[in-house]
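Peer 1: Go ahead and model the full structure; you've got the sequences and the hints to work with.
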Amino acid sequence: MVYSEKAAKWVLSFPLLLFWVVMVVFPAGYAIYLSLHDVSMGQGMSSFSGFGNYLEILRDADFWHSIGFTLEFALITTVLELVFGFLLALLFNRSFPGKRPLLSMVLLPIMVAPSLMGIMFRLILNENNGVATYFLSLLHIQVNLFDPDLVVPLMIVLDIMQWVPFTFLIIYSGLQGVDPGLYEAASVDGASYWRTVLQIILPVIAPIFFIAAFLRGIDAFRTFDVIYVLTNGGPGNITKTASIYIYEAAFKSGQIGQAASASVIVAVFLLLLIPFFVKRLSK
Amino acid sequence: MKARKPWLTTIAVSVIAVFLLLPLLNTLMTSLKTTGDINSFPPKFTFAPTLEHYRNVMFAAGYDFTSYFKNSILLSVFTSLFVIVIALPSAYSVIRLGFSSGRLLTLSMALRLFPPIVFAIPYYLMFQYLGLLDTVTGLILINIFLNIPLGLILMVGFLQELPYEIEESAKIDGCNVYQILWKIILPLMAPGIASVAILAFIFSWNDYLFAVIISLNKATPVTLGSTMFITSWGIKWGDISAATVLSILPPLLFTFFAQRYLVSGLSMGAVKG
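Each protein sequence line maps, in turn, to chains C and V.
Under our numbering, the first sequence is numbered contiguously, ending at residue 286.
Under our numbering, the second sequence is numbered contiguously, ending at residue 269.
Some hints could be false.
Chain V regions said to be covered by chain C (calculated; three or more residues, Cβ under 8 angstroms) [to be verified]:
| id | stretch |
| --- | --- |
| 1 | 70 to 83 |
| 2 | 116 to 126 |
| 3 | 136 to 149 |
| 4 | 196 to 206 |
| 5 | 249 to 257 |
It should be emphasised that the hints constitute simulated quantities derived from the structure, not laboratory data.
Bear in mind the structure is a predicted one, so any value in this text is a computation, not a measurement.
Backbone N, C-alpha and C fix where the C-beta goes; we use that ideal spot for every residue, glycine too.
Peer 2: In structure tokens, the structure reads:
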């Protein structure tokens, strides 16, 4: 009987299970299959190549560079976004005139597509009439921000401008859950504001920090849009993220087999991290 | 906590807000300038606004912006619809009927970890085989996949907060599982459903990676469509700005009108997932 709870359990989950098989299990298996074959775009499947693709990828300096850049980028942006998000959350964690509209304004950047943010930054950074160029020229600074030395810090700053609101939102909602009695107790004991914040509040909301770091970290690790629109991974391969690397290998060079094995390597790397995160998060 | 000088906080936060909104403000301003004003250096901060670029983007020949826009609407509406239709019943099945409790959620969390590019290659080849390349249907399928984990996690979170007693009394009154889900859970879950729908709408509206990979021209959504203004005939900054403003308008409007749902959705998704 479909009306029994036992049956309903399966009936109600059926769409998800079906979707899971079609969109997750099968493609994952297919990706592994592709990674073991010599496949290039347009020419279809050729021969089984064992771990040839993997060896090829692991020997590719470009691949390692993209992994290194992605990790560096994810680490630096996540740390800075946590710090700035926390400071902003502290500012918002008191009452002041205009708090509500300002909260809405601060959250807006989260809702903008990173690719469109990329276009907006192109406009700002444009060398002929961009606002950034203008203000730098007022300071008598003449630089090309897309210079190899400056392009990585530039990407980091732009990422921060878009995603500090996200870490802010999470940390702020954590701060609001802090027992107000804690502040009072601290002030009765004569602790200064910053001492209270660093020694009492910070430990209390540490789990929230961890969640914000985790979510931002993985999102930064998969960065594609904004960097692709702005630099295309260049100059050279300086800003090529792992996602851009795989995209180019598959859809520009047509090396489907090798790109698939690069995907598998990245996926396995993340799979190794999952148990650690799941354990921390389900606490 | 009481601030001693609340106005100082207002000023500090306003400065930060303006800094964060700089890209948006600059784009909005550029979209309203005449081409002459755009090209003047130093940049003009006061100017007579014009809507010519918006007219260009919407109506001038050579652009297909209206069809990009239509694609995005279809993509986002159907994605959020299907995410709810799939995630709500299975969340119910996990929480109330004990379906594989835990494992499904762990899997969803794991899925949220992978860079979507990992799935791009098999999807591309599968879609090529199935004739789904360059179709909005194909993009919808992928975006459902991308948004299911968040939808599931949020639904579970909201469900856990509903009191079970109402369902129990409905059961005693003779309702079966489906009737309970339809008549009791659905209305009670309205805020949760709204936040999942809005977030799925925004995230699928904002997708770019799969737009680049799957759509060639017929299925192009606005995110990709707006970047297309950059190359072909040189750069028309006014038109690009207008296209960008039009493209971010739906998510931004949503944010303003549904902020309550959005904030609870985002922070809850964070806390639970």
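Peer 1: Hints first: check each against the structure and report whether it holds.
Peer 2: Cross-check of the supplied hints:
Given as covered by chain C, the stretch 70 to 83 of chain V passes the check, having 3 residues with a CB less than 8 angstroms from a CB of that chain where 3 are the minimum. Under the rule that three or more residues need a Cβ within less than 8 angstroms of chain C, the assignment of the stretch 116 to 126 of chain V holds, with 7 such residues. For the stretch 136 to 149 of chain V, the stated coverage by chain C holds: 6 residues have a C-beta nearer than 8 angstroms to a C-beta of that chain, and at least 3 were required. Check result for the stretch 196 to 206 of chain V against chain C: holds, 6 residues qualifying (beta carbon to beta carbon below 8 angstroms, three or more required).
Counting residues of the stretch 249 to 257 of chain V whose CB lies closer than 8 angstroms to any CB of chain C gives 4, so the stated coverage by that chain holds, three being the minimum.
When each numbered hint is compared with the structure, no violation occurs for any of them.
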